[in-house]
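2 protein chains.
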Amino acid sequence: MCELLGMSANVPTDICFSFTGLIQRGGRTGPHKDGWGIVFYEGKGLRTFKDPKPSSQSRIAKLVQEYPIKSCSVISHIRQANRGGIALENTHPFTRELWGRYWTFAHNGQLSDYSHLTIGRHIPVGETDSELAFCWILDAMERQYPTKPQDASAMSEMFEYVATLCDELRGLGVFNMLLTDGEYLMTYCTNNLHWLTRRAPFGPARLIDEDVEIDFQKETTPNDVVTVIATQPLTHDEPWQKMQPGEFNLFLLGERIAATDLT
Amino acid sequence: MCELLGMSANVPTDICFSFTGLIQRGGRTGPHKDGWGIVFYEGKGLRTFKDPKPSSQSRIAKLVQEYPIKSCSVISHIRQANRGGIALENTHPFTRELWGRYWTFAHNGQLSDYSHLTIGRHIPVGETDSELAFCWILDAMERQYPTKPQDASAMSEMFEYVATLCDELRGLGVFNMLLTDGEYLMTYCTNNLHWLTRRAPFGPARLIDEDVEIDFQKETTPNDVVTVIATQPLTHDEPWQKMQPGEFNLFLLGERIAATDLT
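Protein chains in written order, with my numbering: chain C, 1 to 263; chain W, 1 to 263.
Keep in mind the hints are simulated off the structure, nothing from the lab. Hints are supplied without guarantee of correctness; some may be wrong.
Said to hold, decoys possible - Straight-line C-alpha distance at most 30 Å; calculated DSSO-like pairs for lysine-lysine: (1) C/Lys-70 <-> C/Lys-53; (2) W/Lys-148 <-> W/Lys-218; (3) C/Lys-53 <-> W/Lys-70; (4) W/Lys-70 <-> W/Lys-242; (5) W/Lys-53 <-> C/Lys-44; (6) W/Lys-218 <-> W/Lys-242; (7) C/Lys-70 <-> C/Lys-44; (8) W/Lys-242 <-> C/Lys-44; (9) C/Lys-218 <-> W/Lys-53; (10) C/Lys-218 <-> C/Lys-242; (11) W/Lys-70 <-> C/Lys-70; (12) C/Lys-44 <-> C/Lys-148; (13) C/Lys-70 <-> W/Lys-218; (14) W/Lys-218 <-> W/Lys-44; (15) C/Lys-148 <-> W/Lys-148; (16) C/Lys-53 <-> W/Lys-62; (17) W/Lys-62 <-> W/Lys-218; (18) W/Lys-44 <-> C/Lys-44; (19) C/Lys-62 <-> W/Lys-62; (20) C/Lys-70 <-> C/Lys-218; (21) C/Lys-70 <-> C/Lys-148; (22) C/Lys-44 <-> C/Lys-62; (23) W/Lys-218 <-> C/Lys-53; (24) C/Lys-218 <-> C/Lys-53; (25) W/Lys-44 <-> W/Lys-148; (26) C/Lys-62 <-> W/Lys-70; (27) C/Lys-62 <-> C/Lys-218; (28) C/Lys-53 <-> W/Lys-53; (29) W/Lys-44 <-> C/Lys-53; (30) C/Lys-70 <-> W/Lys-53; (31) W/Lys-44 <-> C/Lys-62; (32) W/Lys-44 <-> W/Lys-70; (33) W/Lys-44 <-> W/Lys-62; (34) W/Lys-53 <-> W/Lys-70; (35) C/Lys-70 <-> C/Lys-242; (36) C/Lys-62 <-> W/Lys-53; (37) W/Lys-218 <-> W/Lys-70.
Whole structure, please, built from the sequences with the hints as guidance.
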């Protein structure tokens, strides 16, 4: 059913440790072997690495695992195909331009009875429900906001609007999602999504899927704030928080700045 | 001033040999050290590798050089920055969706006095004249053809229309371009662009920029047709053809199927 991985940080940070854990689930410790992808933002630009091969066996994944690319916003996905065959065009994350920024999206789950979702100017290239949902969301964002929201308050309000779109998609099945414009990182949960913010004092962490341990104290400065989001926890013994059905969160520079009012 | 590299083939073919030659010009045998990128199509999907670092020193370029990714349509670019700083968002090739297909573009040259080029729904993310020209072209294509041209004849006519757009851009400076939707590969020349079609009987080739030789006879079948396009020839002793100012060519599965009438 796929797994998601995301990162929001206040300093350019590499994701090699978490990515090393995730990719094992693509064919070794988990069944998500139908392709994988990762997007790193650097300023307004981004780099994408994708492969329809299993992440645990991919030469490109090995490069990403070993070559630290530092970024403040990252989305990654390992796929277990349901809608749409195993092919590059069906491999997440998906990226489209809106308001002169690149928007990147990845989805874990499956939707049904979604033929009523009208597509506007963003047209899917592949055959997944995921890409179609992304195109539908972008079109709705653009209709509601013909120009880019101009300040932080307007951006927060815009993301709250996106959360209502996600509520509608959750009515069609399982919709866990990550969405970013390279600055903000939004999460939406239907059933499986966890998050963790690491800040000083940093400590050690141990991966679940690989015999790898890291001492974050040696890798960070006291001011670093790094939030990691994953479908299932990637490490032992860290205080991962499980999101609730219908919960949305908005992260900026590693900090949670908005969330569903769950009271 | 940048260099372009393109390939159109009738069977999935790797471009490691040509790419090895090109990347030397990004900081070793040539000055185009302000970033590089390459896009490989596989069916409707594509893979992009980009780095704002010089191609001759890039770990990611090294992977691409050594890891054969087979494709029927490839565009690559090594950059010497003029408009827009050295940054990932200013690194070619650029990719956007139109008509449910990914379109990829790279430009060699420099435009001036282009503020009159009106942008529609495709908005540049970076600051280059190149990306702006691409957005302008896409908008014009979409206005002229609100839906995807439906057959080969209509597609050829559409590319001839794109050539008239390129003529207009050539009036603003140097505009050498590669454009592909993963099937068709279009070239447009202002001053520097060369092409070469390899077909049976295949023979050896020797790079200009690196001491590498290949015997294509051992790498191909008798039915293979592979066209390579490059700003400057990449090999010694092969019959590279120099394009003329204002010349456009259209390649499909390695064969040239349309061209400017230069008579």
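A quick look at each hint next to the structure:
For the given pair, C/Lys-70 sits about 24 Å from C/Lys-53 by alpha-carbon distance, which is consistent with the 30 Å threshold. Among the hinted pairs, W/Lys-148 with W/Lys-218 is inconsistent with the structure: their alpha-carbon atoms are about 40 Å apart, more than 30 Å. For the hint pairing C/Lys-53 with W/Lys-70, the CA-to-CA distance comes to about 14 Å; that is within 30 Å, so the pair holds. A hinted pair counts as satisfied when its Cα atoms are at most 30 Å apart, and W/Lys-70 with W/Lys-242 qualifies at roughly 26 Å.
Our distance criterion of 30 Å between C-alpha atoms is met by W/Lys-53 and C/Lys-44, whose separation comes to about 16 Å. For the hint pairing W/Lys-218 with W/Lys-242, the CA-to-CA distance comes to about 27 Å; that is within 30 Å, so the pair holds. Of the pairs offered as hints, the one joining C/Lys-70 and C/Lys-44 holds, with about 14 Å between alpha carbons and a cut-off of 30 Å not exceeded. For the hint linking W/Lys-242 to C/Lys-44, the alpha-carbon distance of about 36 Å lies beyond 30 Å, and the restraint is violated.
For the hint linking C/Lys-218 to W/Lys-53, the alpha-carbon distance of about 27 Å falls within 30 Å, and the restraint holds. Only pairs whose Cα atoms come within 30 Å are accepted, and C/Lys-218 paired with C/Lys-242 is accepted, the gap being roughly 27 Å. With a CA separation close to 29 Å, the supplied pair W/Lys-70 and C/Lys-70 stays within the 30 Å bound. Straight-line distance between C-alpha atoms of C/Lys-44 and C/Lys-148 comes to about 15 Å, which keeps the hinted pair within the 30 Å bound.
The straight-line distance between the Cα atoms of C/Lys-70 and W/Lys-218 is roughly 41 Å, outside the 30 Å bound, and the hint therefore fails. Simply put, W/Lys-218 and W/Lys-44 have alpha-carbon atoms about 29 Å apart, close enough for the 30 Å limit, and the pair holds. Note on C/Lys-148 and W/Lys-148: the hinted pairing holds, with a Cα-Cα distance of about 28 Å set against a maximum of 30 Å. Note on C/Lys-53 and W/Lys-62: the hinted pairing holds, with a Cα-Cα distance of about 20 Å set against a maximum of 30 Å.
Between W/Lys-62 and W/Lys-218 the CA atoms are separated by roughly 23 Å; this keeps the pair inside 30 Å, and the hint holds. With a CA separation close to 25 Å, the supplied pair W/Lys-44 and C/Lys-44 stays within the 30 Å bound. Under the criterion of a C-alpha separation no larger than 30 Å, the hint pairing C/Lys-62 with W/Lys-62 is consistent with the structure, at around 13 Å. Straight-line distance between C-alpha atoms of C/Lys-70 and C/Lys-218 comes to about 16 Å, which keeps the hinted pair within the 30 Å bound.
Taking the CA atoms of C/Lys-70 and C/Lys-148, the gap is about 27 Å. The hint holds against a cut of 30 Å. Taking the CA atoms of C/Lys-44 and C/Lys-62, the gap is near 25 Å; set against the 30 Å cutoff, the hint holds. With a C-alpha separation of about 27 Å, the suggested pairing of W/Lys-218 with C/Lys-53 holds against the 30 Å cut-off. At roughly 34 Å between alpha-carbon atoms, C/Lys-218 and C/Lys-53 are farther apart than 30 Å, so this suggested pair is violated.
Distance check on the hinted pair: W/Lys-44 and W/Lys-148 sit about 15 Å apart at the alpha-carbon level, within 30 Å; holds. For the hint pairing C/Lys-62 with W/Lys-70, the CA-to-CA distance comes to about 19 Å; that is within 30 Å, so the pair holds. Pair hint C/Lys-62 plus C/Lys-218 holds up; C-alpha atoms about 23 Å apart against a cutoff of 30 Å. Simply put, C/Lys-53 and W/Lys-53 have alpha-carbon atoms about 27 Å apart, close enough for the 30 Å limit, and the pair holds.
The straight-line distance between the Cα atoms of W/Lys-44 and C/Lys-53 is roughly 16 Å, inside the 30 Å bound, and the hint therefore holds. Annotation: proposed proximity of C/Lys-70 to W/Lys-53 holds, straight-line Cα distance about 14 Å (limit 30 Å). Distance restraint check for W/Lys-44 and C/Lys-62: the Cα-Cα separation of roughly 25 Å lies within the 30 Å cut-off, and the hinted pair is therefore satisfied. A distance of roughly 14 Å separates the Cα atoms of W/Lys-44 and W/Lys-70; the hinted pair therefore holds under the 30 Å criterion.
Using a Cα cut-off of 30 Å, the hinted pair W/Lys-44 and W/Lys-62 holds, with the two alpha carbons roughly 25 Å apart. Under the criterion of a C-alpha separation no larger than 30 Å, the hint pairing W/Lys-53 with W/Lys-70 is consistent with the structure, at around 24 Å. At roughly 26 Å between alpha-carbon atoms, C/Lys-70 and C/Lys-242 fall within 30 Å of each other, so this suggested pair holds. Simply put, C/Lys-62 and W/Lys-53 have alpha-carbon atoms about 20 Å apart, close enough for the 30 Å limit, and the pair holds.
A distance of roughly 16 Å separates the Cα atoms of W/Lys-218 and W/Lys-70; the hinted pair therefore holds under the 30 Å criterion.
The structure fails to meet hints 2, 8, 13, 24 from the earlier list, while all remaining hints are met.
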